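One letter stands for each residue in the lines below.
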Amino acid sequence: MSATTAAVPFWRAAGMTYIGYSNICAALVRNCLKEPFKSEAASREKVHFSVAKWTDGKQEKPTVRTESDE
Amino acid sequence: MAMAALRREGRRLLLSPTVPNPAPAAAAARSSAISPPEMTLLGVRSISTQVVRNRMKSVKNIQKITKAMKMVAASKLRAVQTRTENSRGLWQPFTALLGDAPSVDVKKNVIVAITSDKGLCGGINSTSVKVSRALHKLTSGPEKESKYVILGEKGKVQLVRDSRKSIEMSVTELQKNPINYTQIAVLADDILKNVEYDALRVIFNKFHSVISFKPTMVTILSPEVAEKESEAGGKIGDLDSYEIEGGETKSEILQNLAEFQFSCVLYNGALENACSELGARMSAMDSSSRNAGDMLDRLTLTYNRTRQASITTELIEIISGASALEG
Chain F
1 MSATTAAVPF WRAAGMTYIG YSNICAALVR NCLKEPFKSE AASREKVHFS
51 VAKWTDGKQE KPTVRTESDE
Chain S
1001 MAMAALRREG RRLLLSPTVP NPAPAAAAAR SSAISPPEMT LLGVRSISTQ
1051 VVRNRMKSVK NIQKITKAMK MVAASKLRAV QTRTENSRGL WQPFTALLGD
1101 APSVDVKKNV IVAITSDKGL CGGINSTSVK VSRALHKLTS GPEKESKYVI
1151 LGEKGKVQLV RDSRKSIEMS VTELQKNPIN YTQIAVLADD ILKNVEYDAL
1201 RVIFNKFHSV ISFKPTMVTI LSPEVAEKES EAGGKIGDLD SYEIEGGETK
1251 SEILQNLAEF QFSCVLYNGA LENACSELGA RMSAMDSSSR NAGDMLDRLT
1301 LTYNRTRQAS ITTELIEIIS GASALEG
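Chains as they are written, first to last, in our numbering: chain F, 1 to 70; chain S, 1001 to 1327.
Hints are computed from structural coordinates only; laboratory data are not their basis.
Just to be clear, a hint being listed does not mean it is correct.
Claimed, not checked - Pair ranges (Cβ atoms, derived):
{"no.": "1", "chain 1": "S", "residue 1": "G1099", "chain 2": "F", "residue 2": "K46", "range": "27 to 37 Å"}
{"no.": "2", "chain 1": "S", "residue 1": "R1083", "chain 2": "F", "residue 2": "A27", "range": "14 to 24 Å"}
{"no.": "3", "chain 1": "F", "residue 1": "F37", "chain 2": "S", "residue 2": "K1193", "range": "25 to 35 Å"}
Small disclaimer: the values here were computed from a predicted structure and weren't measured.
Where a beta carbon is used, it is the ideal one built from N, C-alpha and C, also for glycine.
Can you make the complete structure from the sequences, with help from the hints?
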């Protein structure tokens, strides 16, 4: 809790957004569950989508995100 | 269309046997000399019903497919609808706390248009694209810029046509697994990191009932703009009256809140849109299987009528032949 009292929280200094921070916290909490609740919760953190950035009206190569790697 | 072709073909086939044929060999030689090979259907008396029969078969197959699609959409809808209704509780506190500011005028607008990946779901994708376009027109000006972030294949296809220059990002394959918060949060994180914005405007079809979807816009302000707004008063100004734990400053709190609000709104928007998509697909497939049924009825009528006509013709020929022999 000491980190949150600093001027800038440590995760913000590391370039994370609040969403990324809270996601990691949520994953930690989910990992603390016992079976069978654990596998049930694991089904709720499946990530799959593909992102493509656009420059000058052209689509760049899409990247597929499959696991929560952040 | 098919009926006209059939009628034409029927007439041709009816005419060909009436050619007088004194000697079969001579007639065969003559007809092959005069008419093209497909006309030499000697001895064919009845009208061909093959075309109608094939068409009936294909319409029947299409009807089966649309019926199955409707069933699938209906069964999926029930699960998604409960999740959608539960997810509404995520953004409602934010609106109560921060209010919604649809009319805010800022420099950098980012329009997040939520559409579906698959088609065959009525007009929900064109509705959200239309609203996004109108908003783009409204928010772009000489010193302002507005960009698109598109979720879903169908919206991308429609927006590429006229505003490919303003597209910043596009996201697809979102609905491979059932939509969950983790997935949307990772996506929201990606969007926030890659896009500069003063105001994010999320556009989606809000699910009211299976047949009614309202295009909806939710505005999320960047922390700086939100701070300015809170100084100007209004709903955000009430934030000071809350007691806040920890040592964060107001701007930090606003930033965290804005980010979390975006992920929540995006989660709800994606779910609402998925729900609307399934509902729209259900009603679209319902009406198309009804249309296929109507078409099948009409075709059956034509088919039976033609068949009966050929039977009647044959009977007349036999009877008149017999009476000619008697007389």
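Would you list, in rising numerical order, the hints stated earlier that this structure does not obey? none
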